[in-house]
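Just so you know, the protein sequences line up as chains A and B, in that order. At the far end of the first sequence sits residue 308, using this note's numbering, and the numbering has no gaps. At the far end of the second sequence sits residue 1494, using this note's numbering, and the numbering has no gaps.
Keep in mind the hints are simulated off the structure, nothing from the lab. Check before you lean on any hint, since a few could be wrong.
Heads up, incomplete: computed chain A residues facing chain B, CB under 8 Å, no partners named [as the list claims (entries may be wrong)]:
1. P30
2. A35
3. E37
4. K38
5. D40
6. A48
7. H52
8. H54
9. N83
10. N87
11. S91
12. I151
13. F153
14. T259
15. I262
Covered by chain A, per the in silico footprint, the following chain B stretches (three or more residues, Cβ under 8 Å) [claimed, not checked]:
16. 1311-1318
17. 1442-1456
Calculated cross-link-like contacts (lysine to any residue; reagent style SDA-like; alpha-carbon spacing at most 25 Å) [as the list claims (entries may be wrong)]:
18. K1421/B - D43/A
19. K1260/B - P1285/B
20. K41/A - S1408/B
21. K1367/B - L1153/B
22. K1260/B - L1447/B
23. K1284/B - N1077/B
24. K47/A - I1075/B
25. K1041/B - N1077/B
26. K186/A - N288/A
27. K1260/B - D1325/B
28. K1155/B - V90/A
29. K41/A - P1104/B
30. K47/A - L1070/B
31. K1367/B - L1380/B
32. K1284/B - D1325/B
33. K80/A - L1153/B
34. K38/A - S1398/B
35. K57/A - L1447/B
36. K1041/B - L1153/B
37. K80/A - D1074/B
Note that beta-carbon positions come from the ideal geometry of N, C-alpha and C, so glycine has one too.
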Amino acid sequence: MKVIIKRILMMIPLLIIITFLAFTLVRLAPGGPFAGEKSDKNDTIRKALEAHYHLDKPVWIQYGHFLKDLAQGNLGLSMKYRNHTVNDIVSQALPASLILGFSSFIFALVAGITMGIISAWRRGSISGDLVTLSGLIFICVPSMVLGPILILFFSIYLPVFPTSFLHSPWHAVLPVLTLGIHYSGKVSRLVAEGIQEALGSDYIRTARAKGVGPLTLLVRHALPMGLLPVVSYSGPLLADLLTGSFVVENLFQIPGMGTFLINSSLNRDHTMIVGIVLIYSFLIIFCNIVVDSLYSILDPRIKNQSRS
Amino acid sequence: MTGQADARVVDCLFEGLVRTDPVTATPIPGLAESWTISQDKRTYTFKLRNGLIWSDNKPITAYDFEQSWLRALDIRNGVRNAGLMYSIEGAEAFHTRSEGSPTPPPSFQALDASTFQVTLTRPQSFFLQLLTMPLFAATPTHAIQTSPNRWLLQKSVPVSGPYELVWWRLNDSVRVQRNPNYWDNENTRNEIVDFLPISNPSTALNLYLMGQVDVIWDKDLIPTHIVDKLMDRPDFHQYDYLGTYFLRFNTTVYPLNIPKVRQALSLAIDRSRITERITRANEKPATSFIPQGVMNHPFEESPLLHDPELARQLLAEAGFPDGKDFPQIEYYFNGASSGPASNHQKIAVELQAMWKAYLNIDVRLKKNEWKVFLADQEALNYQISRSSWIGDYNDAYSFLEIFNSHESNNRTGWKNSEYDKLLHSSNESLDQEERRRIFVDAEKLLLKECPIAPLYFYKGTHMFDATKISGIYFNILDRHPVRSIRNTNQERKK
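Extracted from the complex, chain B is given alone in its bound form (with noise of 0.2 Å):
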């Protein structure tokens, strides 16, 4: 499991504890029907539904969460995103531990058949959140012990949530079908869904006029060169998505060392030209780092400043007037010549052409291949480099959790111990209203120092005729289980 499309399939067929709510995207009951919050908030307890069982009838128990949860943090198994259970209690210790050295077990376990209780490292306020997630869904404990490595690819593999796996067909097709022993069966919309892993706009657009897909689901699947055209029918949609597109500078090499310097090529970037000229989907250029609607930030409209009469006075002060002297650095971006990507192209054309216009200064760009691109980044072997960031949850954290000191993720070599310290402290309040406060000041002393330059918001888009399709509700999460989508031309078929 990779990306968000494998967690749409996924998400039909394993249910966690609590699942997404379709409208809100926010965690409400799932296999678990109740739980109760201890005193310190760091103590959940949950309460399994009577009678849930497997789609092979096989009853769905706590025991099945304990061992599901054990499994994802062995870390023979290679689970990517097992960090996200390192907020559990011992979780990280007993998934960094080396073979055999005796390290207590992480803190969760089945108190009986129907209860299930996981002791946090400290409070999380998102913790209901990550829950929703695949990562922490029940998966089938004795079908995974009679073929452990392969029992995803077994005939009806048994599972616990809307829809059971007809077939899966590597870059051809998926094919679901709606699963009876579900408990919440009633409420499912379709009896089969087909998802298909499409990766060229222009033939998902030519399935999407023929008639023969319903719903356009992902922006990269939007061709970019129509995307204005697109834009004026009834049924494109867009909304709010919590992603950011930025630059990343390295700190630790001249001239970008100099917070001035990096300051001034932020200013000097006019958002606008790039999402009206280039990208022309209707996004927001950046405020912040952070996107619109994510939780615990208030969001302010005006797009973060372009002044190129600062820029340049910025960059007098850090000793290159009118771009003097300034050594010529260079702009690293992955690309291909089509698709999504052929954007990144365009920008950093743009971003060289306004670099020069406003601050003087000449900056070479240099295309690589996606996986050297990001060995790169990794090894911070570039001057600047093009960025994405996409949240895991809906929460302020999610993002600016990535520029702590020691995060892998921050990939600028840019360390500051006052923004490590607002973050920790985050994570010791339940107090939201003091949360948001804290990552007020931490987002702001992030822009101040310019490890990054925020460029424009993502837009989430759909296309799907909404006569036809019911049940998609627009959130930031970009989440839309799939067992309340309504097709009624399937429908009238039958």
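Chain A on its own, in the form it takes in the complex (with noise of 0.2 Å):
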């Protein structure tokens, strides 16, 4: 607990630490966030929107402003959507990232973990091999490919599911596949490796030699152990999901967060950029916390070390 607890303390520095690497870092990419193929007829009406957005101050003072804000909960004014505060846009964005995130990661593991076992478990055979193989298949087609052939086939050709937002759970499961597929083969793998080398392990020939059976086996034995990693590898994917996805949310015009952070980066709109950095590395580290308690509990050993 006191671990946990520490570590919660230890995100708050952690935090400011990259929201200042964020803040520097776009203020030093050529090219502002009010440049456009047009320019002003004069240099005023930039030169006003820069003071407005304390852009003409030095980059100190700017995040001084910016620290201010945030004390309060203020993520400050888009620069791009100038009627817009970056706290309004994530506050559109973040639940359609976090509805379709949330659905991919339970996807990914309910069908990455079954795939696992069958092809660890029917290894050898050919449906066994056909689950491997599936699984591998899924790890090496990019969603950029997947999405518009399951459109394709399941919106055009055969109009079972909708092309395009997420208006209703129907609408979700064509964007939750395309961003669910490629864990959902990655987290096979790793479950199928982890439960064969449990099954090769001594314990399980122990076991096996007092007469368990093969279920109980597979069950109550090698399945834990080959679960393990997938628990420490959830964290990031969960946090990888819920920060929403470019690709995905272009392609079935979703309004979620990996939209906004790509855009804002080529619109250099700063406070956007800052303010969905904060978020993501929120998530990141938090994910972590919670997959690394979870992993302590299902894995006495590792308290044990913590303790010691």
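Combine the two chains into a complex, taking the hints into account.
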């Protein structure tokens, strides 16, 4: 418990360092937020805008303004969507990304673990090899290829699912598959390798010698060991999925965080970039802490290690 | 508000003194029912319609116009295209004044609740056209006063146009519904209109093909790799558009400071090869800088000369016979792996090949991300760069103006006092025939001096089924007031 509290407290300085890096790096990048194909008639407008966003001040003063606002929970005014604060935009975009990401996470785990068990258990048989092969294919096919194929078959040729938006659970099916399939392949490989390794270990051999049946052997002894790598992988995986995917959001017209992150960098929307980086970092650190705590529950050796 | 897509929504919500005719895209009476123009053509006096009200039942008055225009010219609001107001007497000085300096207000005012008067520095033949832009529309002073920065995000924003805002979800959709208080409500065609801000052409096409959207409204939303297949469909509509794809030469660096070198580079380009092999959407190879159909511009059908022989001769005269001793130069463009910007790279490669084949010179290609590219172009940190220009209004001046010596959009370093004088004199005159002559001379001078090389003219592209959607008329400005568009599909569903 102490370790967890310590890690949660460590998060604050870490996040401040990350925001500082993001803040200074975006300001070092060439090209400003107010440049466009058409220039303003004179410099006055750009200068007024820069003054409005404190861009005319030294970076450390700008950062001071940012921290002051941040302390009040205010991420600042977007430079691209000029009536909207970053808080407004995040509160619109984050739920879409969370729904999509969490559903894909569950899908990746359920499908991946099932496939992993089958491919380890039926190893050498046709069904086992087929599942192994599918897992490998899932890993190799990028979402920018898979998405259009799924749309073509399941929205256009066979109009079962809608092509775009996230207005109902039905709408979520194709984007969740597109986002989750790649990770389900990865999870299946982790599980299969974990189980195979466990099946070859001494304690399983002992259990088998004692007369434990093959199913009990798998479920009670090999599977928990096979799942450990998945648990440590699921922290970064969940963070990755929750923070949205530009490709999937763009393809299915889902107004999530991924699109805003990419576009805010392209638009040099300084406040948006820093705000989104802050939220991403928080999610990544938080998911890792949760997973590490889970890990110590599942594997007592780790708890003992941290005690000693 | 930044682009054309945004303007389409704003046009639904807020109306100006004049509005756009759906057929011709010319200005017709809007909130003002009539106007008079003084003898010196500088003072316009508008008479507002009787009984105009905002959607929240408060009266719309000439004072709202006065306040809206002052707000646009208040530098603290950072209104990006406020420069379009500079033809109004005193507007530029007022806009750029330093804080606290005693600058007289610009020359517009509400004479009474229903009369609005504006005086220009000098006559401007396209002033009424400017007034159709959202910049000049009336905004609800009473709502802005209560929430200056976030009034547009309030629930039920008071509007003066044919539609009210129902929701505005970023990157998702904007929904508007008929405003019963609009003075011309009986002629508004649809109850509800959804605008979907889609950036991926394949997504747009999928939705359209599945019948989930009725109109695709942007040339950038047509997937370039299948454009030739789509062109055969009856629901694919194309028309001339006031945009030009061209190259800028940096006239301040050697050897591009030599006019003959620039001319040679331009003459070596076979423009039809670019439109036939790369863009492939029926674009016309450029015949001039100003596209076909723009007012006050006599259009000639023959494309700009492709004459490799003359190009080689000019290059030799400039001191580089057969490209000998010609330093390696760089062609700079912004790139993207997909979407319409992916054509920039293909065009760059084609140009590189043509310059090598016809002039025997080596051109290096340099690609950069959009904002970096823009910063370099503005700082003249390039040799030759990809460019495009979309006119703000339908007049040759909207194109030629950018190469004025002191214009911030010039970005070529080219300065020519004769050109500046011609453009200035075009503003002194209201005689369209005379202006036409001036523009012809100015464009000739521009093409002879060659700080730019026009490549092709853009096409406006829409996809919609004309048997279900009516009221979209093609015009060079690509303006199609939503109030006049009729969706028989929606009516049938009702």
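- [ ] Would you pick out the hints that fail for this structure and give their numbers low to high?
- [x] Going through the list in order, the structure violates hints 8, 10, 11, 13, 15, 16, 17, 21, 23, 25, 32, 35, 36 and respects the others.
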